Amino acid sequence: MSLKLDPRTKLFMIFVVSAVVMMSATTPFLWAVRIAMTMVPITLLILEKHYASAFRFLILYIIALFLTFRFLSEQSKGFLMAFLVGYCSIIVQFMPAMITAWYVVRTTKIGEFVSAMQKMHVPDGITISLAVVMRFFPTIKEEYASIRDAMKMRGIMLGGGNAVRMIEFRMIPLLFSCVNIGDELSAAAITRGLGGKVKRTSVETLKMGPADHLLAALFTAALGVFVVFKYVK
Amino acid sequence: MMQTAVEIRNVTYRYKGAEAECLDNISLTVNAGEALLLCGASGSGKTSVIRLINGLIPHYYHGDMTGNVIVNGRDIAKTELYELAGIVGTVFQNPRSQFFSIDTDGEIAFGPENIGLDPKEIISRTEVIAKQMKLEKLLGRSLFELSGGEKQRIACASVAALLPDIILLDEPSSNLDWETIGQLREIIGEWKRQGKTIIISEHRLWYLKELMDRVVYMDDGNIVCEWSGAEFENLSEEETKAMKLRPAAVKEQYAQMFEEKADSGTFVQTEVSDGILLRDFYFSYHRKPYVIGKKRFSAADGEALNLCIPKLFLPKGKVIGVTGRNGTGKSTFLRCLCGLEKDCTGIIVSDGKEYKKKHRIGFSYMVMQDVNHQLFTDSVEAEILLSMKEKDEEKCHAILDDLGLLAYKDTHPMALSGGQKQRVAIASAVAADAKLLLFDEPTSGLDYAHMEKVGELLKQLADSGSTVLVSTHDPELIEMCCDYILRIHSGRVASFSKKSE
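First to last, the sequence lines map onto chains A and B. In terms of my numbering, the first sequence opens at residue 1 and continues consecutively. In terms of my numbering, the second sequence opens at residue 1 and continues consecutively.
Just chain B, same shape as in the assembly:
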């Protein structure tokens, strides 16, 4: 007989202060050694199921709960959280906010120290785990220097250091790029070989192919459907779309686009008659361009440059997808383009006018990944008016209406949902009259329905005459809305072409 690792019995749960139940009489049994995928739209209750199993519900997030959760024979409601530490481990979504230490070694040792293990044992465990997960290069570093993907690997290692039988992952790939998602897949595969019970809640489904034994689909606090892993992979695209899920596999043409391949020769582009010209975009983080007086970078500086784009035409009124791995210069490119990096010498030419330095801000506008940093006022309307040089309430209402936000014009931006906040940020970009709109990974961590909405919105912005640049790791988004694809590699344009149909 199979051993049961997790048993959820008729659980109904409502967060304190919430109006509706977020879990509605849920029952779920997970066998030891099984790999289970929880999928479904945002707000369908996936994260709450994860929290039931690691005990954060009811011990950390208070609310009304009925029913029982039994993990490894223990009743969660009657077990203290610290007793669960060695049994259930959780990898969370945001790499920024789940580490406690400043250095990598300390982070891996943190859990074992908490449960009072002998220091010698902790050190030997750290070594074993670092070897298993190929983390040797990351040991002894400051966590604040690491990229999101590296942080997430350290998070996995620090969970594994407690040797839990059950590992939960809550949207672990949200902030990762193509390559680090591959590494995450390897880690999950390794855990599976070790016979651990794995439960993942996720929107990105393609990277879990062939890893999952069972897939559970949730909607509105209920478990609606269940498949075996193989059955799930055989679902057609129409079927997954109907459930508002992202596709279970990536089309070959997009997979190739993300794979790092050696690029031959330098990139030359023919002139486009009606386009935005980017000229002399050179930038380096390491060497300040001031030696004596002001030294200008040029293409001759070669390797020292983090960004080197002598000339590039962007076709107007199109959506251009910007791809490339994390840390290869995508964000640098966007930051230089919109004028946030003052030392970048680039000039934007549009309709015969030149925009230099500060004037690039104003012509272009970047919607950042974390929209919480971009909202400053106490109402949506004020937020839009803040962006306008000449306050025009009528125009403001028109913009809000276009984006479906008019009903919320008096709401505090922080009280909105994530998707709505993003739209407010976009609305203020439109209000600022920017011709070049830049989006930094707008769809990481979004479910299919929200991603579709963002895709439509980007198209709509392009159709109304703006040029849209969007950096992304989501092949689904590129398929949905991009007209062109710009691939950046080590700060250079590796390729720029029309999306092949």
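Chain A on its own, in the form it takes in the complex:
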């Protein structure tokens, strides 16, 4: 079974989750709301058959939550503890936003996305740039994998023990190939009429279904709860 959500709902989800991670949860109730929100994209990923990434996210999140509640408190001291606090708070705070974004990128076709942005009257310039960013995620992944292979082959995975070189060796070839691909990509896109004065049409027809309305309502409520508890009370 797969649940086809409207891209506008997905964008709204990203917006709400990102807003909520910016506000710290202080009471058990707020924690519960936030955890429940995180489960939504995970469930959606499972419905879309992205089992591996869903479970990877889920396990990381559960471990971080468990550590946070069981072992860490404001009195935690020592290097290991400091490290754990850092790790856990990054995961617990930002994982929900990351996983929602991941879900959206993995399940939205570029055509749908462009069509949704047009319906919301976003200028074409912004839409196309964002579409290119989406198009580039898988490319970066592919390029990065080949660069890692090449580094393994040359035995320089650790940059000869030099952290700066470790990053340099990864980033420089990656930037070069992304620039090249980007250049060829734009040339190919404009020979097929991108950027014309004609109004673009779209074969994707968008319609908000019951699931969209339900999710939008739930996320609005969650946002409302956070705002009320943090700033009104």
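By construction, these hints were calculated from the structure, which means they are not laboratory data. Since we're looking at a predicted model, the values are computed, not measured. Possibly wrong hints are sitting among the right ones.
[What the hints assert, rightly or not] What follows is a set of in silico ranges between Cβ atoms, one per label pair, in the way DEER data are often shown:
(1) Tyr285(B) <-> Phe176(A): 24 to 30 Å
(2) Lys152(A) <-> Leu277(B): 36 to 42 Å
(3) Lys453(B) <-> Glu168(A): 28 to 34 Å
Heads up, the beta-carbon is just placed ideally off N, CA and C, and yes, glycines get one too.
Since the structure of chain A is provided, determine the placement of chain B on it from the hints.
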């Protein structure tokens, strides 16, 4: 009277920042419905001619231009690029970088959406084109899952969806294998039947046999020669070689080698006294070899294996060509051999020593197809030293000298030409002291002169004692330098034999 589709009048063009003109007073007229082949060495200006016609010059690549280009009665310099979209379509060289969408349907619809066609019309067009090009199986897929050949077919379809009268192809076969080149030929044939004007720039010439009406030979920004299609096919091998062109036809013996034929029985090889032994090379992408503890693959796993080579002797100091279609396990074989796939259990035995797992890296070294991923430092010299366990500048200079790179030792690798970059990558393989050198399609997209150089280099490496494995789709390269041919089919060795003279 024949209608004129493209007219290039006395065009001279120089790219911004370049020192020399890349097109030198060129004039060319192409009639409607004609199929024209542009051939010539890299840098002879073929791609620039394609760019003149699709308007990327002067609208996207800026530079100094004189002269006019008229396409279907429009002056290109005064026409906006998006207005040309429905008139001229271009299939580019690299399948990776010419699609805009993530899914196949969206890609075919992309062009028509841009020119504002009615969605219903777009959907019916997509169906018609998918049927014409036999793409039904590819619809609804993610483009990132497709092979290079499949991507290129989608690229052709998405250009055709705009129904252009003129179709340009810029080295479209560079990343394709024998079979998908055949499919590309069919697509071009179909376009020809539909009466479209076709202009192809290409190094691989054999697959265009009998499709071309006219052939134009370019050298150093000039049009030097012109033939009719039939005249061109009758040129002798000496004549094409003299022009640094790849042969216009493939010799029968090599054609057979690439054709997929049913293989009978299992392959057994007799022992070679002085060779490198590969033992127990089993690998599967789908099933991880970890169930509880570590499970080892064996030949008994049969169909589940993507690679299954129980035993194979590679003769030392020879160039071995590895052939087989894309996706049949050539790259998997090379990746396992050089140790990039950690889960592969294979053992390499050479001179009584065994190399397992990680140690296969070091004994073997793979030069990848896209060399840009393989260069990391800011000078050629540093690049070679990086590969050496003990930094030895003298040895480094000797290696560079052998490969004709000494003059560039302080140059940034990214500032070199494609062929030079490839040689730097080879130099670092030599510096790493690898005994087994693997090359993944080193000649795709190269012109004849560069291919010849690569061929000579491979021979030279073999003569100095290394064993060279080279995967390739180019019959010309095999003829040039291979001593043995290893044919892989579904991850198994289909045949391994000395090249017949």
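_Broken hints, by number_ = 2
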